[in-house]
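All chains should be built: construct the whole structure from the sequences, respecting the hints.
So the chains spell out like this:
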Amino acid sequence: MGHSFEGYRRSNGRVGVRNHVAVIPTSVAASSVASAVADEAGAWARATPHQLGTSQPDPARRQTERVLVGTGRNPNVGAALVVELGTEDIDAETVADDIAATGKATETLTIRESGGTANALSEGADRLDRLKAEADRARREDADVSELVFGVECGGSDATSGIAANPAVGAACDRLVEAGGTASFSETPEFIGAEHILADRCVSEETRERILERVEAREGMAELMGVDLRGAQPTPGNQEGGLTTIEEKSLGAISKGGTTPIRGIVDYGDELPTNGGLVLMDTPGYDVESVVGKVAGGAQVVAFTTGRGSTTGNPLAPVIKVTGNPKTWDRMSNNIDVNAGTVFDGESIDSVGARIFETLVEVANGRRTEAEHRRLEEFAINEIQPEELTVEVDG
Amino acid sequence: MKGRVLDDALLRLSTSDNVGTTVDDLESGTEIDADGRTVVLAEDVPFGHKVALEPVDSGGEVRKYGEVIGTATQAIEVGEWVHTHNCESTRGRGDRAAARGESA
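Respectively, the protein sequence lines represent chains A and B.
Taking our numbering, I'd label the letters of the first sequence as residues 1 to 395.
Taking our numbering, I'd label the letters of the second sequence as residues 1001 to 1104.
Hints are supplied without guarantee of correctness; some may be wrong.
[Unchecked claim] Short derived list, chain A residues pointing at chain B, Cβ under 7 Å:
id: 1; residue: Asp-158
id: 2; residue: Glu-219
id: 3; residue: Ile-246
id: 4; residue: Thr-342
id: 5; residue: Val-343
Everything labelled a hint here was simulated from the structure, so no lab data went into it.
Heads up, the beta-carbon is just placed ideally off N, CA and C, and yes, glycines get one too.
What follows is the structure, given as structure tokens:
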């Protein structure tokens, strides 16, 4: 099995597995134009439309800006166009400059200055053409799997997720880490009830404390609001799939990160380290936002396990779908890349893990995933809620 | 797969578990040989759901993956389906904090 692939070497040394031109709106007010400009240009242009407003409280705005910048800095992006209406608190020029610091070409488009959407579309098309010419200068060259940051996620979980798909993806993470690469998993609410296992695997006392602190904060949100997590976690769909409690869901969820030591935990959308090992990201449990956080953190490829059958992808990172549910594989194999349900017929977790790792290398080398074939490109940025801001202020 | 499949029907992930996970849709009355002990299903249990391998007292721990996944809200007999009707989480219970008057 090969450990190398051909990728797009960026001037900051990182390697992209795709060479997209990203079209990044700074608010919901610029999202329609961003999508239209990208759609008009062709599949090489990828918009990241989202629902966040032109104005947010400071901590929320900082997080949004971090995700926008991180999205543009992802190595799969060859060049980026940042689009604004012109009234946003977040300045498109600043976002573009922070992206350009990685050495890639960027431009901005301000809808108001263009004189409205019609002009913005034509100006946007011109700018995208220029950016594509810049991105096209990138040549594919040999890269090693140790240069990959592999984000792993689960969504639409059922009992097979924790038994088959997650441990198999975990086995692939172990292989990648063994080869020098970096793996990352997230969704802090799904550490609840399994945090003692994560804590025991931390390389430092500092990481251990941070993880326990983050779990306590997420669990504390439920207490603060006087609500019962049981209404939302496990979700009604998870429950139908056999998951009874958040502890049970978490114990299954954490297995997707594999078994190697935990080297650290970063904030939502923060840059993930690239020097190998397993790293956590503190994200909400909403899978689309969680994937976006890890892609903003620099993950070039994502694996996404689903028992019940999620079809979610991402505009910039290929998403490898894995199911451990044989029925879901039978019904939805056109949305799923790897069948891990074979463990119920006797295939070992390690053998499925080897197939996932092989798929990871092939996808890094250019093979398109089912989600890419179908242009399934969900994008959503987590917005820090007022209750969370209170927690932050009050400590 | 981690653990052991008992009689092609129930997956016991860890020896300390008191529930098994069905590996198929199973019907009420199905008899499963669980290491010499016969577990008779008290009701239909769908694929992926849990069945008690040992009796659990009300308030007792329910164990899967070798870990506690919740507590029994009523006494559970061997062969009964274990789910939200008789097992609940002990975590993220803001409702309990609110009942104690601890909510912010």
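Evaluated hints:
With a least beta-carbon distance of about 5 Å to chain B, the hint placing Asp-158/A at the interface is held under the 7 Å criterion. A least Cβ separation of about 5 Å between Glu-219/A and chain B falls short of the 7 Å threshold, and the interface hint therefore holds. A cut of 7 Å between beta carbons decides the hint on Ile-246/A: the least distance to chain B is about 5 Å, and the hint holds. A cut of 7 Å between beta carbons decides the hint on Thr-342/A: the least distance to chain B is about 10 Å, and the hint is violated.
With a least beta-carbon distance of about 5 Å to chain B, the hint placing Val-343/A at the interface is held under the 7 Å criterion.
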